[in-house]
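> Residue-level listing of the chains:
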Amino acid sequence: MYLLNREQRHAVNYTWMIVSLLMVAFLPFLLFFGLYLKSVLILHDYSLTDLIFSRIWKPSSGKFGFYPFIVGSVWVTLVAMLITAPVCLLTSIYVTQYTKKFFLRIMHPAIDILAGIPSVVYGLWGILVIVPFISRYLGPWMGVKTMGYSILAASFVLSIMIIPFILNILIEVFRSIPMELKEATLSLGATEWQTIKHVLIKKALPGIIAAFGFGLARAFGETMAVLMVVGNVVRLPKSLFDPGYTLPALIANNYGEMLSIPKYDSALMFAALLLLAVSLFFNLVMHFFIVRFNKY
Amino acid sequence: MENSTKIEIRDLNVFAGKTQILRNVNIDIPKNKITVILGPSGCGKTTLLKCLNRLTDLYPELKVTGQIVIDDHNILAAREDIYKLRQQMGLLSQRPYPLPMTIYNNISYALKLRGIKNRREIHKLVMHYLQQANLWDEIRTRLREPASRLSIGQQQRLCLARGLAVNPEIILADEPTSALDPISSQFIEETFVRLKNDYTIVLVTHVLRQAKRIADNVVFMYLGDVIEQGSVQEVFENPKMEKTKLYLGGTFN
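Top to bottom, those sequences are chains L and Y.
For the first sequence, counting from 1, position 149 maps to 149 in the working numbering; every step adds exactly one.
For the second sequence, counting from 1, position 215 maps to 215 in the working numbering; every step adds exactly one.
Keep in mind the hints are simulated off the structure, nothing from the lab.
Note that the coordinates shown come from a computational prediction; the quantities given were computed from them, not determined experimentally.
Here a beta-carbon is modelled for each residue, glycine too, at the ideal position from N, C-alpha and C.
Honestly, I wouldn't trust all of these hints.
FRET-style restraints, in silico, Cβ to Cβ [stated by the list, open to error]:
1) L:L82 - Y:D71: 46 to 56 Å
2) Y:E190 - L:K100: 41 to 51 Å
3) Y:D71 - L:I201: 12 to 22 Å
4) L:I52 - Y:H123: 49 to 59 Å
5) Y:M127 - L:F102: 17 to 27 Å
Calculated pairs, DSSO-like style, for lysine-lysine (alpha carbon to alpha carbon, straight line, at most 27 Å) [claimed, not checked]:
6) Y:K18 - L:K100
7) Y:K84 - L:K100
8) L:K197 - Y:K112
9) L:K101 - Y:K112
10) L:K197 - Y:K117
11) L:K100 - Y:K112
12) L:K202 - Y:K112
Calculated Cβ distances over 10 Å to all of chain L for the following chain Y residues [what the hints assert, rightly or not]:
13) N32
14) N53
15) N74
16) E121
17) A147
18) E190
19) D216
20) Q233
Sequences and hints are given; from them, build the entire structure.
Here you go:
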């Protein structure tokens with residue numbers, strides 16, 4: 001009936017599982033290695049600190065300083081997280097602890113729709129709504145002259161974009177805390193808010209960090225929407241109202257053009273390598289904290 | 001004082017939507033005795049317990065009517081201070097749920113909720129309650145470890161100590177030994193027997209032998225009704241109702 005007997009079939013399946021596992025496990029290393037090979041040319045001619053900390057970006061005269069891009073990326077990401085993190089945390093607590101269950105059933109599809117909107121649409125929304133809002137209202141109100149295309153605009157757009165990813169994880173995290181833990185705390189005479197503050201958040205802390213880390217990584221790598229509103233000016237931003245440039249935007253805007261300039265191709269590969277390295281760094285830090293807080 | 005009643009439950013009805021979980025429940029729970037609420041799963045034992053410290057408030061789908069009178073207060077009245085009320089009772093649930101803190105802080109958190117701030121006093125009381133729950137000798141060197149590292153049996157005794165730390169008058173226990181090994185169960189049972197001089201204990205269980213071992217009073221429930229209640233001798237040796245006889249005989253379906 002079968003071509004192979006049971007043991008042989010088992011062996012075949014087993015082998016396949018191992019092969020798939022290895023493929024998945026080695027993919028990041030392969031990526032890393034490939035990008036490294038491509039950027040070896042530029043790493044050979046310039047020192048690593050030079051590339052990372054030099055501020056001048058003039059590929060045509062052989063000057064490759066990535067500092068403005070790194071600073072731009074970090075600013076955009078951090079400000080976006082600063083806006084999103086408290087909103088998501090409070091929303092998830094409210095939805096899981098204070099509202100009736102049917103509310104969650106409405107929320108879930110709404111969040112998923114938010115996650116499904118293409119990033120170019122978010123970018124367009126940024127150009128049509130956020131950028132004019134900053135240049136016409138927020139900037140003048142704060143006494144700053146700005147054209148609207150700025151770090152702040154990118155952060156705003158990003159903060160909306162990463163809400164669904166963070167919020168979905170947070171809701172799951174809070175829902176997975178057993179009701180009995182809440183009952184136990186309340187039965188000691190704690191108020192609802194004391195229960196949330198001292199017990200539930202503490203219990204959820206590893207999950208909360210994971211959610212924020214995941215959002216951070218997404219924000220850092222987001223390309224399209226950011227490059228549409230961030231201004232794409234290679235300069236160190238002095239304030240949030242200044243335009244900037246991010247690493248993903250640099251790659252997306254320039255790869256495939258002007259590749260006749262020597263080492264330009266290699267420089268962009270190095271940018272990709274940097275992006276990957278920073279994402280990896282975020283991941284490591286996140287895991288460190290998750291392990292650190294997971295002991296309870 | 002011998003036979004004074006601590007908790008009077010009068011005409012208690014609990015509805016969840018259209019289904020009725022508890023039907024006209026009337027129970028007198030005597031002071032400083034162990035009252036065992038006995039019955040098969042799904043008969044409303046846990047719900048009854050949750051009514052006593054108003055954890056039913058957490059479930060908006062539950063509708064509770066009737067009266068539960070403790071020390072001349074109807075605790076189901078809306079005005080009642082539920083935080084004070086809950087501190088009158090220590091709760092022990094089916095499985096232990098230690099707070100996500102150290103062993104020490106599990107107890108000190110309860111003490112702080114009680115309003116005790118003096119560190120030396122907290123220190124003394126933590127030790128006192130861990131001794132009361134029969135746990136101190138095993139963990140005296142591990143107080144700063146996360147509570148989750150304890151064994152299940154130890155965690156359950158920690159939860160008991162935590163429940164005692166709010167200085168309650170009543171202990172509510174919801175099948176507290178169902179997840180424990182026999183030795184740990186015995187520990188808990190012994191602790192209950194020792195504690196009944198100072199506390200009124202309400203124990204929910206479906207283990208007949210446990211009821212026989214430690215109960216003073218027994219309430220037998222079935223599908224939301226109280227079928228029979230009385231002293232342990234009356235109910236076990238001379239049950240009046242047919243259902244009780246069947247359940248005690250083990251031929252219940």
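> Now look at each hint and say whether the structure bears it out.
Against the structure, the hints:
{"no.": "1", "hint": "L:L82 - Y:D71: 46 to 56 Å", "in the structure": "holds (51 Å)"}
{"no.": "2", "hint": "Y:E190 - L:K100: 41 to 51 Å", "in the structure": "holds (43 Å)"}
{"no.": "3", "hint": "Y:D71 - L:I201: 12 to 22 Å", "in the structure": "violated (35 Å)"}
{"no.": "4", "hint": "L:I52 - Y:H123: 49 to 59 Å", "in the structure": "holds (52 Å)"}
{"no.": "5", "hint": "Y:M127 - L:F102: 17 to 27 Å", "in the structure": "violated (47 Å)"}
{"no.": "6", "hint": "Y:K18 - L:K100", "in the structure": "holds (18 Å)"}
{"no.": "7", "hint": "Y:K84 - L:K100", "in the structure": "holds (26 Å)"}
{"no.": "8", "hint": "L:K197 - Y:K112", "in the structure": "holds (15 Å)"}
{"no.": "9", "hint": "L:K101 - Y:K112", "in the structure": "violated (32 Å)"}
{"no.": "10", "hint": "L:K197 - Y:K117", "in the structure": "holds (19 Å)"}
{"no.": "11", "hint": "L:K100 - Y:K112", "in the structure": "violated (31 Å)"}
{"no.": "12", "hint": "L:K202 - Y:K112", "in the structure": "holds (17 Å)"}
{"no.": "13", "hint": "N32", "in the structure": "holds (21 Å)"}
{"no.": "14", "hint": "N53", "in the structure": "violated (6 Å)"}
{"no.": "15", "hint": "N74", "in the structure": "holds (19 Å)"}
{"no.": "16", "hint": "E121", "in the structure": "holds (18 Å)"}
{"no.": "17", "hint": "A147", "in the structure": "violated (7 Å)"}
{"no.": "18", "hint": "E190", "in the structure": "holds (23 Å)"}
{"no.": "19", "hint": "D216", "in the structure": "holds (24 Å)"}
{"no.": "20", "hint": "Q233", "in the structure": "holds (32 Å)"}
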